[in-house]
Amino acid sequence: MENIEKQIKELQEKVSLLEKGTKDQLSIVVFSGELDKLLAALIIATGATAMDMKVKLFFTFWASAALRDKKKKVTGKDFMSKMFGIMLPKGSSKVKLSKMNMGGMGTSMMKNLMKKKNVASLEEMITTAGELGVEINVCEMSMDLMGIKKEELIDYPNLNICGVATFLVDAEESKIQLFI
Amino acid sequence: MTQEELNNLTVNKSVDARGTACPGPLLEAKKAIGTIGSGDIMEILSADEGTKRDIPKWANKKGHEYLGTVEESGFFKIYLKKG
Chain C
93 MENIEKQIKE
103 LQEKVSLLEK
113 GTKDQLSIVV
123 FSGELDKLLA
133 ALIIATGATA
143 MDMKVKLFFT
153 FWASAALRDK
163 KKKVTGKDFM
173 SKMFGIMLPK
183 GSSKVKLSKM
193 NMGGMGTSMM
203 KNLMKKKNVA
213 SLEEMITTAG
223 ELGVEINVCE
233 MSMDLMGIKK
243 EELIDYPNLN
253 ICGVATFLVD
263 AEESKIQLFI
Chain E
138 MTQEELNNLT
148 VNKSVDARGT
158 ACPGPLLEAK
168 KAIGTIGSGD
178 IMEILSADEG
188 TKRDIPKWAN
198 KKGHEYLGTV
208 EESGFFKIYL
218 KKG
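Chains as they are written, first to last, in my numbering: chain C, 93 to 272; chain E, 138 to 220.
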């Protein structure tokens with residue numbers, strides 16, 4: 093009898109460790125800066141909130157440009173940053189399709205189609221994600237490389253600048269990890 | 138439940154998500170289910186074919202009972218009982 097009690101206690105300790113290991117959490121590396129891929133990431137993220145999952149998006153590389161606010165202007169950028177600033181899409185409304193862009197024609201056709209079929213736009217999806225408590229973490233190194241400043245990012249309720257360690261810790265605690 | 142039984146249910150909350158595509162209906166269902174009590178019946182109207190499969194899966198995960206779906210012309214009525 094004493095032995096069983098001991099075993100139960102040991103099991104309880106093990107279970108509590110396991111529970112701590114994985115939260116009901118989803119971590120996505122959002123790497124791509126194209127409309128279709130960003131949409132996929134945002135649809136999965138907002139859908140997961142309906143499952144009461146905690147969602148953390150780690151924006152890095154090309155995706156970081158999609159978080160720029162087209163209305164915000166920043167000064168004091170060096171030459172390379174300015175060049176990048178001109179070449180990268182200024183915000184989520186300016187990103188293009190990864191396929192069949194056809195000089196922008198494909199993208200605008202897709203956007204019209206989305207409106208017709210009641211699919212939320214990327215801008216709307218980002219706003220919804222913010223309202224639903226989806227956390228956005230932006231990679232500091234990518235922002236630095238591409239000359240994106242914190243001041244030109246969108247007003248988002250839960251946005252932080254971070255490094256790879258943040259993603260790794262979040263991902264380790266998550267049941268699902270994706271790279272888009 | 139049979140189609141007739143579903144049609145005769147007393148619905149506590151009806152959500153019209155016909156104006157949205159995935160993941161709109163799911164998000165609206167999630168929002169609405171918070172406003173009703175345990176055992177209450179919720180109806181979700183959706184024109185999105187995927188919702189028919191999505192809502193039962195979601196309900197199962199969240200501990201709500203999926204009662205069935207009624208097909209109307211061009212949309213679906215999905216019934217749930219809150220757990």
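Note that these hints are calculated values from the structure, not bench results.
For clarity, every value in this text was computed on a predicted model and none was experimentally measured.
Among the hints, a few may not be true.
To be verified - Below 27 Å or equal to it, Euclidean Cα-Cα: the simulated DSS-like pairs (lysine-lysine) are:
1) E:Lys-194 with C:Lys-169
2) E:Lys-167 with C:Lys-208
3) E:Lys-199 with C:Lys-208
4) E:Lys-168 with C:Lys-146
5) C:Lys-208 with E:Lys-168
6) C:Lys-129 with E:Lys-214
7) C:Lys-267 with E:Lys-199
8) C:Lys-267 with E:Lys-168
9) E:Lys-194 with C:Lys-209
10) E:Lys-167 with C:Lys-241
11) C:Lys-207 with E:Lys-214
12) E:Lys-167 with C:Lys-146
13) E:Lys-198 with C:Lys-267
14) E:Lys-189 with C:Lys-207
15) E:Lys-194 with C:Lys-267
16) C:Lys-106 with E:Lys-198
Hint-by-hint comparison with the structure:
{"no.": "1", "hint": "E:Lys-194 with C:Lys-169", "result": "violated, 50 Å"}
{"no.": "2", "hint": "E:Lys-167 with C:Lys-208", "result": "holds, 24 Å"}
{"no.": "3", "hint": "E:Lys-199 with C:Lys-208", "result": "violated, 32 Å"}
{"no.": "4", "hint": "E:Lys-168 with C:Lys-146", "result": "holds, 16 Å"}
{"no.": "5", "hint": "C:Lys-208 with E:Lys-168", "result": "holds, 24 Å"}
{"no.": "6", "hint": "C:Lys-129 with E:Lys-214", "result": "violated, 31 Å"}
{"no.": "7", "hint": "C:Lys-267 with E:Lys-199", "result": "holds, 16 Å"}
{"no.": "8", "hint": "C:Lys-267 with E:Lys-168", "result": "holds, 23 Å"}
{"no.": "9", "hint": "E:Lys-194 with C:Lys-209", "result": "holds, 24 Å"}
{"no.": "10", "hint": "E:Lys-167 with C:Lys-241", "result": "violated, 36 Å"}
{"no.": "11", "hint": "C:Lys-207 with E:Lys-214", "result": "holds, 23 Å"}
{"no.": "12", "hint": "E:Lys-167 with C:Lys-146", "result": "holds, 15 Å"}
{"no.": "13", "hint": "E:Lys-198 with C:Lys-267", "result": "holds, 15 Å"}
{"no.": "14", "hint": "E:Lys-189 with C:Lys-207", "result": "holds, 22 Å"}
{"no.": "15", "hint": "E:Lys-194 with C:Lys-267", "result": "holds, 18 Å"}
{"no.": "16", "hint": "C:Lys-106 with E:Lys-198", "result": "holds, 25 Å"}
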